[in-house]
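> If you want the building blocks of each chain, they are given just below.
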Amino acid sequence: MGAFMPNMSPRLRRPLWIALLLTPALLLMIGFVTLPILSAFVYAFYKWQGLARIGFAGFENFRLILFQPPFSTWTYNAFFHNLIVFVSLMVVQNGTAFFLAWMLSKGLRLHRFHQVSLFLPVILSTVIIGFLWKLFLNPLFGLVNQTLVAIGLASWAQPWLGQPSTALASLIVVNAWHWVGFPTLVYLAAMQRIPREILESAEIDGAGEWTRIRRIVWPLVAPATTIVVILTFIGSFNWFELPYIMSGLEGPPFHSTDVLGLYFYRTAFGTVSAALQDFGRGSALAVLIFLFILCISAWWVRILRRREIDL
Amino acid sequence: MSPLFRLGATLALAVSAAAPAFAAELTFWSWRQEDRAAYQEIIADFNKLHPDVKIKFEAFEPTSYNTILSTALAGGKGPDLIQARAYGGLEAFAKPGYFLALDKTMVPELDNFAPDVLAAESMREDGKVYAVPFATQTVLILYNKELFQKNGVNPPESWEDMIAAAKAFKAKGVMPFANGTATAWQNEILMGAFGPSLYGREFNGDLVSGKATFQDKRFVDALAKLTELKEHLPQGFTGVDYPTMQQLFISGRAAMIAAGSFEIANFRRQNPKLEIGVIPGPAAAKGGPRLVSLFVDGGYAINAKTEHRADAIKFIRYVATPRFGDLFSSKLGNISPIKGVKIEDGLLADVARLNASSSPYVMLVNFRYQEPTGSTLIQSGVQKMMAGQATPVEVGADVTKGIAAYYKPFQK
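Line order of the protein sequences matches chains A and B.
Going by my numbering, the first sequence opens with residue 1, and the numbers climb by one from there.
Going by my numbering, the second sequence opens with residue 312, and the numbers climb by one from there.
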């Protein structure tokens, strides 16, 4: 380093050196993250023909996706499904995770083994999980239906992904199965930080298990809850890979598994067999999704942080 | 402009102008990775005529092909030769001026095509041709000849025959149809295979001239007939997706499948022993006309900004000749629309014969130019109807209402 800047004082050299090291990463971030986001903001205000901009559109693209059926119907339908996904994952995935973490934190026999097996699906790619579960749920030769038939519950066998009453729920369950290890680990780490003495003295004072969870564990893992809620929220509203692999770009059957991610992709890039490419509407949708996630996350972080202190 | 820059620019121009003399290499983009070997043979055959023009074939994943291609073209780059889609999929690229307009002085071989085939690769606004069509595809019913023979069933001609055949298969423990409705676009295929024979020859013309909508009795009745198929589809058909239905037919578990002719090559590759027969959708009444759905698959286009225009035209002229058509049909197992092409394969020749009595694949040909496309609407409509959650009348009304957003004749 001395060879490059022989006459510079060490006080100047250090910040320069730091800047030099940061520049490549910063340039990559700007080039591949910041600029695309900003360009989407610009694109949303234009009329497009394929990938060619053919004129300024003002708020027309926003009007179409928010107020003009069937585009607006699709937007609200998809948004509603994202909401269902978020709420269900909060209950099914994170609720399970909390209790699993509590059980694991007790250090019962084989808890290491259970900890690893819970976390194992998390490291698998969504593509593998989605593909496997799609096979499991196949109505004709899927593992799920064949098992049901084998144990005498043939009438429970369903075309799980083919009917609106079960399709989205199936995807949510698979998602929970895939990711439950992550919030479990977050909660477990938080629970292990709780000083043993507090729990023990509470027990001696006659607090039952439920009281201990509610009065001691739950408030003390509040920072973990903040992380879990925010990550689940962002994940739910950016949900794409799993429904894409397991149901398809159109969110079949008849849009009952459609979510904003799928709807955005279809709109912006089109599909081989039905939808046309429209960068204007696609970008407008992306901008709205981005702003929505940003605002709600920021607001929630504030509220949840305050809650951490209150609790 | 500095003198140095000007010098550099002149030099660059001189080099690029001189380039074709050094056997330029043209790039040719496609979404058909699986056809690579066949295209190498086709290019080798082209090089027998034009040894000086080198062509490099590059294939991309079909679902992201449009995105990759349009990104490259929008950046003023992209390949010299382009495999393009037809109808609305062509216009998306031709309208912004990415493709070179072709005419008969440039490509005299355009005379080798029927007008309605060229129309698929033309822009509706200016009527100009932007790509040379490479194949037509037919939507019809494929059947397993061996299963029909073994079970003593004849290929059905009328709807009544077909239901009887389906029942016969079911009694013998064979799935009558492999079709499921879980994959959206397969619902349009289902309607494409059965629809035309049910709603008749005139319906498409009446739609285009504005005399009929999708609420027309002929169309709604055809939809209603389709629901009669439900009990002959695989168990849990609403959850049977495209790969599953393909496998049901390929493995010989199902006797029939409503499908596109583009499946034939793939099915045979996966099970060379499979003996496939083709029939149009059965007639509504005995002795009535039977029609298949027909569409142009795509075409070969030239990048409007290519630096090798003359060489690119040489290739485009070649792919419009029967010499290419013969090779294309035999190597790729698809039906070339070029006049004078001899189709040697018996099954493909059968499909080509059925094409003589056809109706356009209605949504792709007429209503895939603007959003919401007719395809999007009919796909989820039929899916909903087959699941028992919409009536044929509702589907007809929904489709008409959706298209009315941009199609004047439906706005009444």
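Hint data in this document are derived by calculation from the structure and do not stem from the laboratory.
All residues carry an ideal CB built from backbone N, CA and C; glycine is no exception.
Some hints could be false.
What the hints assert, rightly or not - To list a few chain B residues with every Cβ distance to chain A over 10 Å, as calculated:
| hint | residue |
| --- | --- |
| 1 | Ser381 |
| 2 | Ala403 |
| 3 | Glu457 |
| 4 | Asp472 |
| 5 | Lys483 |
| 6 | Leu540 |
| 7 | Asp552 |
| 8 | Gln681 |
What the hints assert, rightly or not - Computed cross-link-like contacts, SDA-like style, restricted to lysine to any residue with a CA-CA straight-line distance of at most 20 Å:
| hint | chain 1 | residue 1 | chain 2 | residue 2 |
| --- | --- | --- | --- | --- |
| 9 | B | Lys536 | B | Gly598 |
| 10 | B | Lys388 | A | Arg53 |
| 11 | A | Lys106 | A | Ile123 |
| 12 | B | Lys719 | B | Ser669 |
| 13 | B | Lys456 | B | Thr382 |
| 14 | B | Lys461 | B | Glu436 |
| 15 | B | Lys388 | A | Leu66 |
| 16 | B | Lys719 | A | Gln68 |
| 17 | B | Lys616 | A | Ala52 |
| 18 | B | Lys712 | A | Gln68 |
| 19 | B | Lys406 | A | Tyr46 |
| 20 | B | Lys625 | B | Pro407 |
| 21 | B | Lys365 | B | Ala335 |
| 22 | B | Lys616 | A | Arg53 |
| 23 | B | Lys616 | A | Phe67 |
| 24 | B | Lys541 | A | Gln163 |
| 25 | A | Lys47 | B | Lys528 |
| 26 | B | Lys723 | A | Pro70 |
| 27 | B | Lys712 | A | Val272 |
| 28 | A | Lys47 | B | Gly408 |
| 29 | B | Lys522 | B | Phe721 |
| 30 | B | Lys653 | B | Tyr680 |
| 31 | A | Lys47 | B | Glu436 |
| 32 | B | Lys536 | B | Gly599 |
| 33 | A | Lys47 | B | Lys541 |
| 34 | B | Lys536 | B | Ile474 |
| 35 | A | Lys47 | B | Lys712 |
| 36 | A | Lys47 | B | Pro407 |
| 37 | A | Lys47 | B | Ala385 |
| 38 | B | Lys406 | A | Gln49 |
| 39 | B | Lys406 | A | Leu26 |
| 40 | B | Lys712 | A | Thr73 |
> So, for every hint listed, does it hold in this structure?
Structure-based check of each hint:
A beta-carbon of chain A is positioned within 10 Å of the beta-carbon of Ser381 of chain B; the least distance is around 4 Å. Not every CB of chain A lies more than 10 Å from the CB of Ala403 of chain B, the least distance being 4 Å, so the non-interface label is violated. With a least CB separation of 21 Å from chain A, Glu457 of chain B remains clear of the 10 Å interface cut-off, as annotated. With a cut of 10 Å on Cβ distances, Asp472 of chain B stays outside the contact zone with chain A, its closest approach being about 27 Å.
Remark: the non-interface label on Lys483 of chain B is consistent with the geometry, its nearest Cβ contact in chain A lying 18 Å away (cut-off 10 Å). For Leu540 of chain B, the non-interface assignment is confirmed: its Cβ lies about 16 Å from the closest Cβ of chain A, beyond the 10 Å cut-off. Not every C-beta of chain A lies more than 10 Å from that of Asp552 of chain B, the closest at about 8 Å, which undercuts listing it as non-interface. The non-interface label for Gln681 of chain B is inconsistent with chain A: the shortest C-beta to C-beta separation is roughly 7 Å, within 10 Å.
Straight-line distance between C-alpha atoms of Lys536 of chain B and Gly598 of chain B comes to about 17 Å, which keeps the hinted pair within the 20 Å bound. Pair hint Lys388 of chain B plus Arg53 of chain A holds up; C-alpha atoms about 16 Å apart against a cutoff of 20 Å. Distance check on the hinted pair: Lys106 of chain A and Ile123 of chain A sit about 25 Å apart at the alpha-carbon level, beyond 20 Å; violated. A threshold of 20 Å between alpha carbons decides the hint, and for Lys719 of chain B with Ser669 of chain B the separation of about 26 Å lies outside it, so the pair is violated.
Taken as a hint, the Lys456 of chain B and Thr382 of chain B pair is broken in the structure, with Cα atoms around 46 Å apart against an allowance of 20 Å. Straight-line distance between C-alpha atoms of Lys461 of chain B and Glu436 of chain B comes to about 54 Å, which puts the hinted pair past the 20 Å bound. The straight-line distance between the Cα atoms of Lys388 of chain B and Leu66 of chain A is roughly 35 Å, outside the 20 Å bound, and the hint therefore fails. Restraint check: the Cα-Cα separation between Lys719 of chain B and Gln68 of chain A comes to about 18 Å, which is no more than 20 Å; the hinted pair holds.
Distance restraint check for Lys616 of chain B and Ala52 of chain A: the Cα-Cα separation of roughly 15 Å lies within the 20 Å cut-off, and the hinted pair is therefore satisfied. About 13 Å separates the Cα atoms of Lys712 of chain B and Gln68 of chain A, which keeps this hinted pair within 20 Å; it holds. Among the hinted pairs, Lys406 of chain B with Tyr46 of chain A is consistent with the structure: their alpha-carbon atoms are about 16 Å apart, no more than 20 Å. Between Lys625 of chain B and Pro407 of chain B the alpha-carbon distance is near 24 Å, which puts this suggested pair outside the 20 Å criterion.
A C-alpha spacing of about 6 Å is found between Lys365 of chain B and Ala335 of chain B, which places the hinted pair at or below 20 Å, so the restraint holds. At roughly 18 Å between alpha-carbon atoms, Lys616 of chain B and Arg53 of chain A fall within 20 Å of each other, so this suggested pair holds. Taking the CA atoms of Lys616 of chain B and Phe67 of chain A, the gap is near 39 Å; set against the 20 Å cutoff, the hint is violated. For the hint linking Lys541 of chain B to Gln163 of chain A, the alpha-carbon distance of about 14 Å falls within 20 Å, and the restraint holds.
For the given pair, Lys47 of chain A sits about 38 Å from Lys528 of chain B by alpha-carbon distance, which is inconsistent with the 20 Å threshold. For the hint pairing Lys723 of chain B with Pro70 of chain A, the CA-to-CA distance comes to about 19 Å; that is within 20 Å, so the pair holds. Between Lys712 of chain B and Val272 of chain A, the direct Cα distance comes to roughly 23 Å. Violation of the 20 Å bound is thereby established for this hinted pair. A C-alpha spacing of about 16 Å is found between Lys47 of chain A and Gly408 of chain B, which places the hinted pair at or below 20 Å, so the restraint holds.
In summary, the hint linking Lys522 of chain B to Phe721 of chain B is supported, as the alpha carbons are separated by about 9 Å, within the 20 Å threshold. Between Lys653 of chain B and Tyr680 of chain B the CA atoms are separated by roughly 33 Å; this puts the pair beyond 20 Å, and the hint is violated. For the suggested pair Lys47 of chain A and Glu436 of chain B, the alpha carbons sit about 19 Å apart, so the restraint of at most 20 Å is met. Restraint check for Lys536 of chain B and Gly599 of chain B: satisfied, since their Cα atoms lie roughly 15 Å apart, inside the 20 Å limit.
For the proposed pair Lys47 of chain A and Lys541 of chain B, the alpha carbon gap of about 43 Å is over 20 Å, so the pair is violated. Our distance criterion of 20 Å between C-alpha atoms is met by Lys536 of chain B and Ile474 of chain B, whose separation comes to about 11 Å. Distance restraint check for Lys47 of chain A and Lys712 of chain B: the Cα-Cα separation of roughly 24 Å exceeds the 20 Å cut-off, and the hinted pair is therefore not satisfied. A C-alpha spacing of about 12 Å is found between Lys47 of chain A and Pro407 of chain B, which places the hinted pair at or below 20 Å, so the restraint holds.
Proposed proximity of Lys47 of chain A and Ala385 of chain B is supported: the alpha carbons are some 15 Å apart, at most 20 Å. Proposed proximity of Lys406 of chain B and Gln49 of chain A is supported: the alpha carbons are some 7 Å apart, at most 20 Å. A threshold of 20 Å between alpha carbons decides the hint, and for Lys406 of chain B with Leu26 of chain A the separation of about 38 Å lies outside it, so the pair is violated. Of the pairs offered as hints, the one joining Lys712 of chain B and Thr73 of chain A holds, with about 14 Å between alpha carbons and a cut-off of 20 Å not exceeded.
Checked against the numbered hints above, the structure breaks hints 1, 2, 7, 8, 11, 12, 13, 14, 15, 20, 23, 25, 27, 30, 33, 35, 39 and satisfies the rest.
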